[in-house]
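Undergrad: For reference, the chains in residue letters:
2 protein chains.
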Amino acid sequence: MKKEIGENGITRRDLLSVAGKFAVGLGIAAAGVTSALPSAEAEKINLKQAEVEIPWKYKKIDPDKAAAIAYENWYKNFCAYASASGIIIPLRESVGGPYRSFPLLSVQFGEGGIEGWGTVCGTLLGASVAISLVAEEKAKKKIINDLMNWYSTTLMPVYTPANPKATFKNKTVSESPLCHISVGKWMKAEGVKLGSPERRDRCARLAASVSYQAAVMLNAWADGTYVPSYTGKQSDCGITSQNNCTECHGSNIPASL
Amino acid sequence: MKKEIGENGITRRDLLSVAGKFAVGLGIAAAGVTSALPSAEAEKINLKQAEVEIPWKYKKIDPDKAAAIAYENWYKNFCAYASASGIIIPLRESVGGPYRSFPLLSVQFGEGGIEGWGTVCGTLLGASVAISLVAEEKAKKKIINDLMNWYSTTLMPVYTPANPKATFKNKTVSESPLCHISVGKWMKAEGVKLGSPERRDRCARLAASVSYQAAVMLNAWADGTYVPSYTGKQSDCGITSQNNCTECHGSNIPASL
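These protein sequence lines are chains A and B, in that order.
What the first sequence shows, in our numbering, is residues 11 to 267, in sequence order.
What the second sequence shows, in our numbering, is residues 11 to 267, in sequence order.
Keep in mind the hints are simulated off the structure, nothing from the lab.
Certain hints may be false.
[Claimed, not checked] Among chain B residues calculated to face chain A with C-beta under 7 Å, some are:
#, residue
1, F119
2, V130
3, C258
[What the hints assert, rightly or not] Computed Cβ-Cβ distance ranges for the label pairs, DEER-style:
#, chain 1, residue 1, chain 2, residue 2, range
4, B, W66, A, V105, 20 to 26 Å
5, B, T163, A, A176, 34 to 40 Å
6, A, A230, B, V62, 26 to 32 Å
[Stated by the list, open to error] As a list, the in silico DSSO-like pairs of lysine-lysine whose alpha-carbon atoms are at most 30 Å apart:
#, chain 1, residue 1, chain 2, residue 2
7, A, K151, A, K70
8, B, K175, A, K151
9, B, K148, A, K203
10, A, K86, B, K152
11, A, K148, B, K175
12, A, K198, B, K151
From the three backbone atoms N, C-alpha and C, an ideal C-beta is built for every residue, glycine too.
Let's have the full structure, built from the sequences with the hints guiding it.
TA: Encoded structure:
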């Protein structure tokens, strides 16, 4: 295996060998809820209705329009709703049909990395749902993968609204698709708190940036010119796609006092 | 402020003060994409169609049925699809209507913490979408919050299928809603790889466990007997809901060699 060195000199193989020392090894025999329902009955239920088919028809979207919608909608229902709406609302107009009955509010829970838990950035969750409605499975996987990588490696936010609701000075690279890391780094750079108008506007611009980028990628895919850019395959780390091990492993985070 | 001590003796306030030393402070002036579209036009687009209203009607679900469906469906489209289907498929039968046109496959991208990136566990993503379709906004937030906490603190998987596709010995507590941490700890305890039948069945059982728990909570909510249990509010940490700072900060993870 090719040995790749992390920013701080820790290799991924080193991390794997160290990981064992810290893993929680609760060797408790399987017990708990046992299904009263045999698998055959579950199968019967599943087969009663065919699954709703996606993707739906796509018509190219003006990325500026996607971004402007997402920016405004952040102030209505926050990040996940905002980035999804930047793609889905134009399609409700240009294509109509199933996009008009899709409940955009079903992704609102993604705010703050799922109801404030700081996991995946809600803008990525919302955009991923929208991409899933639009692109066939193989393309969807590649586009979402590229979006996750683009988000993690780009100086953000890239979008500046025509009429910003707040102004600020800093952009940051998250090096992670996680809300907590992305927002935390930017707040530290800007020196503002979570509830500040600046932080709120930063996240609104991020939703706009992600909708913009998703529209650009989907348009290229629709034109047949889309070339996937992200090649990360880290299955030897027990994780499929993420390259940024040292973002949580090593000395990059506050580790001890 | 009440000073709470983490498992390894690091306080949350300590972490905040240390965080600054490691934060990436890229002080680059705002530039990049500027919208050509004024906010007023975005507003006009948004107002053309009223948002699709949720929640939809709920009829209580047999948790065993939810779990059995989720378990089987993991082997079709993996974790996020599976846990969502455990709730939505029974509602397609008992309520019908909008549940029948909701594209369950729109959450498939959640597999492996979003296309293998190891962020939020896909079972939580899928179940959160289902809960969002069912419960009004205030209840939805509380139920998802409780589900995230229950997932992070419970010896998992709790569900054992009637006819398991693989067998294994270990259960683990993730102490985190993140796929990478949850799967990684269990794999280390069991001593198996990501592609093993045991790991796959562990995740299928996890999807079933999450659907089961979501059904239990939604049923209690429908009965008017639901009492939210999670009280975490860590906004002083720059994150709203998560209590488990020391899972990534401190000596719990492989930090150095």
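Undergrad: Enumerate the violated hints, using their earlier numbering and listing them in ascending order.
TA: Per hint list: zero violations.
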